[in-house]
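**Q** Residue numbers (this note's numbering), protein chains in the order written: chain A, 1 to 158; chain B, 1001 to 1429.
Think of the hints as simulated: they come from the structure by calculation, not from any bench. Computed from a prediction, not measured in an experiment: that's the story for all the values here. It is possible that part of the hints are untrue.
Computed from the model, here is a short list of chain B residues facing chain A with C-beta under 8 Å [to be verified]:
1) Glu1120
2) Arg1123
3) Gln1182
Derived DEER-like restraints, expressed as beta-carbon distance ranges [to be verified]:
4) B/Ala1131 - A/Ser98: 38 to 48 Å
5) A/Asp66 - B/Arg1366: 35 to 45 Å
6) A/Arg97 - B/Arg1030: 46 to 56 Å
7) A/Ser10 - B/Arg1225: 44 to 54 Å
8) B/Trp1282 - A/Asp66: 47 to 57 Å
9) A/Pro65 - B/Gln1302: 45 to 55 Å
Some residues of chain A that are not near chain B, with every Cβ distance over 10 Å (derived) [what the hints assert, rightly or not]:
10) Tyr5
11) Pro31
12) Ala50
13) Thr53
14) His61
15) Arg64
16) Pro65
17) Ala89
18) Leu94
19) Asp117
20) Arg123
21) Leu140
22) Arg145
23) Glu149
From the three backbone atoms N, C-alpha and C, an ideal C-beta is built for every residue, glycine too.
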Amino acid sequence: MSEPYDTTFSLPSIDDDPDTEVGVLLMGLGPERLLAGLGVASRDPTADPATATLLVDQLRHGVRPDLTFESAVAVGAERWRVACDGFVAANLSLGLRSAALRRLWESAAGAIAAHADAVPQLRTAGAAEWVYLTACWLRLAEITRIAEEHVVLPELPS
Amino acid sequence: MTTFVPHPRLLRSPRHRAWPRYPEPAFPARDAMPPASADVVIVGAGPAGLAVAAALWHLGVHDVVLVDRDGPPAARFLDRIDQLDQRVLRSPYEHHPGVEGYRDCELRDFARMHWSLLTEVERREIRMSQAGHRSVVPVDVFEAYCRHTAAIHRVTERLWSGEVRSVEPDGDRVLVHGNGFQISASQVVLCLGEERRDAPAGWLAGPRPKEIGYWDEPVPPNAGREVVVGAGLTAAHLIHNALDRGARVEWVTRGDERYQCSDVNASFFRAEGRARFDGVLWDTRLALMARERRASVMFEFQPLLREAEADGRLTVHRGTGIRAVTGNGVGLADGRQVGGDHVVLALGTVPSIGTGLLPDELVGARDGWPDLDERTLAYRRAPQVFAAGAAACMVLGPAARNIDGHRVATARIAATVAAHVRDEAVAHV
Chain A
1 MSEPYDTTFS LPSIDDDPDT EVGVLLMGLG PERLLAGLGV ASRDPTADPA TATLLVDQLR
61 HGVRPDLTFE SAVAVGAERW RVACDGFVAA NLSLGLRSAA LRRLWESAAG AIAAHADAVP
121 QLRTAGAAEW VYLTACWLRL AEITRIAEEH VVLPELPS
Chain B
1001 MTTFVPHPRL LRSPRHRAWP RYPEPAFPAR DAMPPASADV VIVGAGPAGL AVAAALWHLG
1061 VHDVVLVDRD GPPAARFLDR IDQLDQRVLR SPYEHHPGVE GYRDCELRDF ARMHWSLLTE
1121 VERREIRMSQ AGHRSVVPVD VFEAYCRHTA AIHRVTERLW SGEVRSVEPD GDRVLVHGNG
1181 FQISASQVVL CLGEERRDAP AGWLAGPRPK EIGYWDEPVP PNAGREVVVG AGLTAAHLIH
1241 NALDRGARVE WVTRGDERYQ CSDVNASFFR AEGRARFDGV LWDTRLALMA RERRASVMFE
1301 FQPLLREAEA DGRLTVHRGT GIRAVTGNGV GLADGRQVGG DHVVLALGTV PSIGTGLLPD
1361 ELVGARDGWP DLDERTLAYR RAPQVFAAGA AACMVLGPAA RNIDGHRVAT ARIAATVAAH
1421 VRDEAVAHV
């Protein structure tokens, strides 16, 4: 008897923008890490998303004398509150969420970029800040809660 | 039945591409020599030593000193790979999860973060890995990941270049003697790796002539006819490189060549495979090792080597032993002579089990393997000293020498070491 189902499948695209690949990866990280990444990225306009992410990894492990994970989260929370005003000013909402992660990412990142000129709070200094702001927006409720509560749970013993 | 032969293009990852150097944390000035005392000394900063150091860091053991004869983390491992012009690792992405239980960045995520640096073939390998299939890892990705792992676990600042000469238990301490230093440690972890296997006595009559080399030595670029002895991945790389140079190759496999995706049967990367070594008789383990830890070549080479054999650039001499190796080639046991300008011996490796560092009676070597406690990987006769890497094969199975085996060994060793350090701290208080 022949197989009644079509068992062929395709793997996700390999040609998408590199920022989309990082973005989809960030969608799986904890909210504290995203806020810390936003903090790191907003302090350094030249940072690319990989640099910001690996710096956050260094902060999580407590190996940088110049910045702590907690202070990066605090900077990120501050930046997030400003961005939230921007989302309101731009009347931006996530709307219907696609189950296709890459499409969801592109749509959210594109919306922020499209409003950046008109809404200063959504203007980002570099690729890392834009990517992390998008990742935070996609986790709006969690990020807002963490940003408002100022709670940073140490993820690692050190 | 589905037959899967991976494409040779997987072997062609670029090497030494411009990879970003991320800002690494500065560390305080330190002495040129390692400190005289430490909670833990790790001898060897290859992939196993790095894994142990990272795990200890997460368990709160920070007074760690690493000593490595080649300096930076994984330097010797990478040097050997570059000597062979090897571009990918056959330990797949899922074997590099970061320190277990601490949500460290996994190797696959690290690679995805650098999407723009990867070729189409390398990106596709990541997708294969995400879909649960076998993948190969570019050496460039692995090298950058090692650098990151070393930086975030303070390995870089705790690592000294040096040659350890002896490891000597002394009461409740262990003295590590090296070239110009001595460290008194509470516990020592030996991550010694493997040494190349020399030619059997009798192959060479007298000193080795310059026309005979080993796999970890340079091959003369003008060798027009190269004889490669060995049946493993190293031999395959040597053949591949010689063919690329335009040389003709005589391949002496001694047995038949075997092609497989991973170094050992995939079951040995899982608990049920390791269980085949757990608590079973020594002779049974020896038989399993003899059967399972055999030379094999990555499948990707198969089409290349078969094509070269078909068009006469490669001649394979299968199924016959070796009588002698001379500057003119190899004499086979069946009387044939295989001639060449240069002979390269790729006879595999021998695990370093602590012999030469620890006194022989503490290594307790049996059939070339150390006497280790199965739960902790400590030497039974020197319980403050542990072994990770290939030396643990008779406990963890043939995959102990692989990246995945380091992960398993690390979990056992780090938990034991950290508990001991905590106990000592409590006793001190």
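**Q** With reference to the structure, classify each hint as holding or not holding.
**A** Outcome of the hint check:
1. Glu1120: 6 Å, holds
2. Arg1123: 4 Å, holds
3. Gln1182: Where the cut-off is 8 Å and the nearest Cβ of chain A is about 28 Å from B/Gln1182, the hint is violated.
4. B/Ala1131 - A/Ser98: 38 to 48 Å: At roughly 20 Å between Cβ atoms, A/Ser98 and B/Ala1131 fall outside 38 to 48 Å, so the hint is violated.
5. A/Asp66 - B/Arg1366: 35 to 45 Å: Distance hint for A/Asp66, B/Arg1366 is violated at roughly 53 Å.
6. A/Arg97 - B/Arg1030: 46 to 56 Å: Given range 46 to 56 Å: holds, Cβ gap about 52 Å.
7. A/Ser10 - B/Arg1225: 44 to 54 Å: This hint holds: roughly 47 Å between Cβ atoms.
8. B/Trp1282 - A/Asp66: 47 to 57 Å: Hint holds: Cβ distance 55 Å, inside 47 to 57 Å.
9. A/Pro65 - B/Gln1302: 45 to 55 Å: 52 Å, holds
10. Tyr5: 17 Å, holds
11. Pro31: Nearest chain B Cβ is 13 Å from A/Pro31, so the label holds.
12. Ala50: Given a closest Cβ separation of 4 Å, the condition is violated.
13. Thr53: Violated, because the least Cβ-Cβ distance between A/Thr53 and chain B comes to about 6 Å, which does not exceed 10 Å.
14. His61: For A/His61, whose nearest Cβ neighbour in chain B is about 4 Å away, the distance does not exceed 10 Å, so it is violated.
15. Arg64: At roughly 5 Å from the nearest Cβ of chain B, A/Arg64 sits no farther out than 10 Å, so the non-interface label is violated.
16. Pro65: 7 Å, violated
17. Ala89: 32 Å, holds
18. Leu94: Its Cβ never comes within 10 Å of chain B, the nearest being 24 Å, so this holds.
19. Asp117: 26 Å, holds
20. Arg123: At roughly 24 Å from the nearest Cβ of chain B, A/Arg123 sits farther out than 10 Å, so the non-interface label holds.
21. Leu140: 23 Å, holds
22. Arg145: 20 Å, holds
23. Glu149: At roughly 21 Å from the nearest Cβ of chain B, A/Glu149 sits farther out than 10 Å, so the non-interface label holds.
The earlier numbered hints that this structure contradicts are 3, 4, 5, 12, 13, 14, 15, 16.
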